Amino acid sequence: MTDATPPSLIVEMQGIVKRFPGVLANDHVDFELRPGEIHALLGENGAGKSTLMNVLAGLYRQDAGIIKVKGSLVEFSSPRAAIQAGIGMVHQHFMLVPSQTVTENILLGLDDPRFFMRLNEYDAKIAKLGERFGLKVDPRAKIWQLSVGEQQRVELLKMLYRGANVLIMDEPTAVLAPTEIEGLFQTLRAMVAQGKSVIFISHKLQEVTAIADRVTVLRRGKVTAAGVVTKGVTRQELARLMVGREVVFSIDKKPRQPGEVILDVKDLQAENDKGFPALRGVSLHVRAGEIVGVAGVAGNGQTELSQVIAGLRKCRQGEVILNGDRVNNRDTLYGIQHGMAYVPEDRTHVGSAPNLSVTDNVIMKKYRKPPISRGSLLDMGAATNFAKELKQAYDIMVPTVNTPVRLLSGGNLQRVILAREISGQPDFMVAVQPTRGLDVGAIEGVHRLLLAQREVGAAVLLISEELEELLSLSDRVYVIYEGKIMGEVKIASTEPDQSLIETIGQMMTGTPLEQIRKEGSLAHG
Amino acid sequence: MAESTLSKQRMPWRIKIEPRLDEPPAWLPAAVSVGAIILALILGGVLIAFAGGNPFASYAHIARASFGDLGVLSDTIVKATPIILTALACSIAFRMKLWNIGAEGQFIMGAWGASAVVLAPIVPAESSRWLFIPVMIMAGMAMGAVWGFIPGYLKAKFNVNEIISTLMLNYIAISWVNFWVFAVWTEGGFQMSPKFPQAAWLPRLSEYAKSVPLFRGLTTHAGLLLGIAAAIVLWFIVYRSRWGYEIRLIGDNPNAARYAGINITRNTIWVMMLSGALAGLGGMSEVGGVVHRLQTAPIAAGYGFTGIIVAWLAKLNPLVIILVSVLFGALILAGREIQPSGVPKMIQGIILVCLIASDFLLRYRIRIVRGEEA
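Top to bottom, those sequences are chains A and B. For the first sequence, numbering that gives the first Met the number 0 assigns the number 0 to the initial residue and increments by one for each residue that follows. For the second sequence, numbering that gives the first Met the number 0 assigns the number 0 to the initial residue and increments by one for each residue that follows.
Simulated from the structure, these hints should not be mistaken for laboratory data. In this text the structure is predicted, and so the values were computed from the model without any measurement. Keep in mind that the hints are not guaranteed to be accurate.
No farther apart than 30 Å at their CA atoms in a straight line, the calculated lysine-lysine pairs in the DSBU-like style are these [said to hold, decoys possible]: (1) A:Lys390 with A:Lys252; (2) A:Lys368 with A:Lys387; (3) B:Lys96 with A:Lys365; (4) A:Lys390 with A:Lys365; (5) A:Lys203 with A:Lys135; (6) A:Lys517 with A:Lys265; (7) A:Lys390 with B:Lys15; (8) B:Lys314 with B:Lys96; (9) A:Lys127 with A:Lys141; (10) A:Lys365 with B:Lys156; (11) B:Lys209 with B:Lys15; (12) B:Lys194 with B:Lys209; (13) A:Lys221 with B:Lys15; (14) A:Lys489 with A:Lys265; (15) A:Lys273 with B:Lys156; (16) A:Lys67 with B:Lys96; (17) A:Lys365 with A:Lys387; (18) B:Lys314 with A:Lys387; (19) A:Lys230 with A:Lys483; (20) A:Lys368 with B:Lys15; (21) A:Lys365 with B:Lys314; (22) A:Lys69 with A:Lys221; (23) A:Lys69 with A:Lys127; (24) B:Lys96 with A:Lys313; (25) B:Lys209 with A:Lys313; (26) A:Lys221 with A:Lys203; (27) A:Lys273 with B:Lys15; (28) A:Lys135 with A:Lys124; (29) A:Lys313 with A:Lys203; (30) A:Lys230 with A:Lys517; (31) B:Lys156 with A:Lys368; (32) A:Lys203 with A:Lys265.
Covered stretches of chain A, going by a simulated chain B footprint (3 or more residues, C-beta under 8 Å) [to be verified]: (33) 209 to 220; (34) 353 to 360.
C-beta atoms are modelled at their ideal positions from N, C-alpha and C, and glycine is treated no differently.
Let's have the full structure, built from the sequences with the hints guiding it.
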């Protein structure tokens with residue numbers, strides 16, 4: 000690969016369209032991969048990165064668009080066809096048989112060896128292949144004995160053994176401990192040095208700038224930057240391309256004097272599901288009648304923060320005080336009974352029961368008290384009336400309140416959840432990604448509801464990855480990075496303020512506010 | 000994957016299976032179920048014909064042998080009674096996605112508990128029916144509940160797979176009853192206990208033959224009333240009570256239930272105990288209403304396992320369970336007429352497979368697409 004001759008392309012995807020029921024996952028996406036490069040595919044959750052790569056790896060078929068490999072048109076009917084063309088994908092969830100050895104897993108599904116296994120020979124072969132690419136793993140070890148990082152190496156070896164020239168890595172660092180990430184990066188570098196090409200899917204800016212030669216950014220199924228050389232862009236620019244910043248509509252936010260502190264979070268420390276630290280001392284507060292935003296790139300502790308506040312996750316240290324009452328590390332019910340509302344990130348898997356009716360879903364936090372309950376019985380008449388009232392008041396589009404909520408669109412389902420949470424007249428509400436995946440009209444509806452909460456004097460903590468949403472709704476914004484608060488800024492007007500966005504962008508990539516201020520004053524002085 | 004294609008690429012048409020995005024029309028589930036049963040009867044008929052029988056004659060015989068006159072109808076209902084209770088037991092556990100396949104063992108323990116009241120004896124032998132029956136009901140339900148509590152507690156506290164633990168507890172229950180029947184309560188070395196005094200029998204229709212001559216010889220007993228009452232109570236619990244709401248919520252989405260502040264651990268234990276108690280009531284009804292003594296294991300005769308099938312076919316609805324149980328009671332009774340085992344069991348199996356498979360049509364829509372476009 001020299002700079003003089005323009006390198007030919009190994010993979011070309013043109014105008015790829017992929018629809019799922021109700022979602023346009025890829026909207027005329029173009030993507031190009033050069034031989035011997037690490038090309039990052041950057042975007043938020045749900046931006047369409049994995050879909051695009053599943054199309055390339057033969058798992059999905061595109062609804063429109065063409066794929067060329069080494070200049071010739073291809074159509075993959077299965078992952079097997081893709082791997083024959085030299086394209087292999089390592090998925091987020093490994094596809095290995097735990098009770099079998101590394102070699103057995105790698106040989107699985109191949110025509111050779113035919114009948115007699117002669118595993119010793121293959122063990123040696125695989126050990127050699129591993130050495131070549133710096134993928135150290137014992138071929139005779141059983142998969143269940145291996146760490147997650149080692150299992151990932153087995154997946155890589157599986158693809159290399161099948162002769163893959165293009166390796167697609169779907170968020171490979173998500174499952175790794177920080178120390179393992181550097182090892183993975185070395186492997187990837189060794190592979191491109193030997194002529195392989197790598198597509199690296201990620202939503203983490205720091206990783207993309209550390210490992211990738213070029214980057215393509217996707218946002219809501221569309222390309223916002225195609226094949227940009229990473230050396231020429233800053234993380235801030237990438238962040239902006241990823242989350243966007245055009246203001247879709249203006250909203251009517253009246254100035255309002257905030258009241259007393261409703262929620263006080265002090266020095267919160269907690270672990271994520273894998274046992275790694277996710278929150279490393281988060282402190283923040285929310286006053287009555289104000290919306291406080293938490294900005295940050297996904298996976299920096301936002302989910303865990305909301306879960307600890309809502310009582311769904313235990314914290315190791317620190318306190319969550321709601322109206323002067325400690326709510327952390329108690330039953331979830333305690334928070335609910337003390338005026339806490341929670342709009343979870345995952346509408347279908349946490350926020351609702353998909354096969355139960357709208358009525359059953361809206362009484363989730365009310366069924367313990369009259370008029371819905373009469374002693375240990377439920378008054379279904381009262382419940383139905385309540386659901387009908389909410390349907391009217393919150394403009395929920397369903398034929399009847401007996402319809403199961405799995406049949407509702409994302410926007411309608413979010414309205415059901417918001418209606419349920421707001422109708423409890425909470426003192427405090429934590430809303431996580433309340434507009435993710437919604438169309439513009441539905442987003443506006445959600446924003447109005449959140450602002451209405453501020454009007455009536457509730458305290459709202461809004462955790463979002465959409466910067467424009469935070470800037471237009473919040474009174475103050477905290478920025479979180481790797482489980483720590485980098486700083487806090489006041490939002491004076493709903494107009495986008497360029498220097499403010501710049502500051503938030505810097506904090507989102509790990510620079511604390513004091514440091515930015517110091518550098519700023521140095522530059523000016 | 001959101002959709003799949005079932006044909007080669009270069010076909011002039013292909014079958015496309017796609018998930019239903021809208022609610023299926025209200026008549027569809029019933030129509031699909033009826034269609035599935037008709038298909039199952041046709042398949043069963045084909046197999047009967049292969050075995051050298053006449054399918055039409057066989058089906059007619061089955062119908063006559065189970066619904067033909069008042070006597071056999073009564074026998075059908077006697078067979079259906081324990082199934083109602085075991086199916087209710089399974090339905091409430093399945094509602095919370097707890098796969099209790101131990102209704103058999105809970106049934107046997109219930110039978111043992113009710114028998115202990117008479118044989119231990121807990122209640123003096125000369126007591127009246129008004130003392131015997133309530134105490135036997137309580138003892139049967141309590142023993143069933145204990146047999147449900149064990150797997151429920153293990154599941155809730157240590158996440159022990161309830162399928163395995165309930166299955167294994169079945170065998171323990173069988174051995175437990177064997178021990179008592181052979182060693183403690185044996186009647187002259189036979190593998191059965193002495194017969195209960197009349198006061199410990201559930202009243203039968205035939206007892207009222209003096210005032211209602213029609214009832215002469217009918218063996219239908221008060222266990223049926225227990226079953227129907229239990230079904231109605233369970234219906235109220237599931238659809239009209241706070242607890243039932245929690246059970247439905249946990250069953251549909253445990254994450255949402257946790258989010259709503261519901262204690263899943265406690266509910267797991269309670270629901271398994273209720274499930275066990277219902278199966279135990281079935282065991283009590285069988286010893287008190289039919290056998291009138293404690294025998295070795297065949298006392299349950301697979302009612303616990305039939306209950307799983309019936310609960311499933313009734314889509315876990317307690318009131319529908321009564322109807323489906325009568326149908327299965329008929330099949331069991333007719334089975335005796337035709338063949339000790341075999342054909343009726345086979346037809347049961349085919350009906351179940353067809354009904355479960357037909358569920359697919361409610362969730363997916365099948366379309367035939369011409370050409371390459373989708």
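- Task: Output the numbers, in ascending order, of every earlier hint that fails for this structure.
- Result: 7, 11, 16, 20, 25, 27, 33
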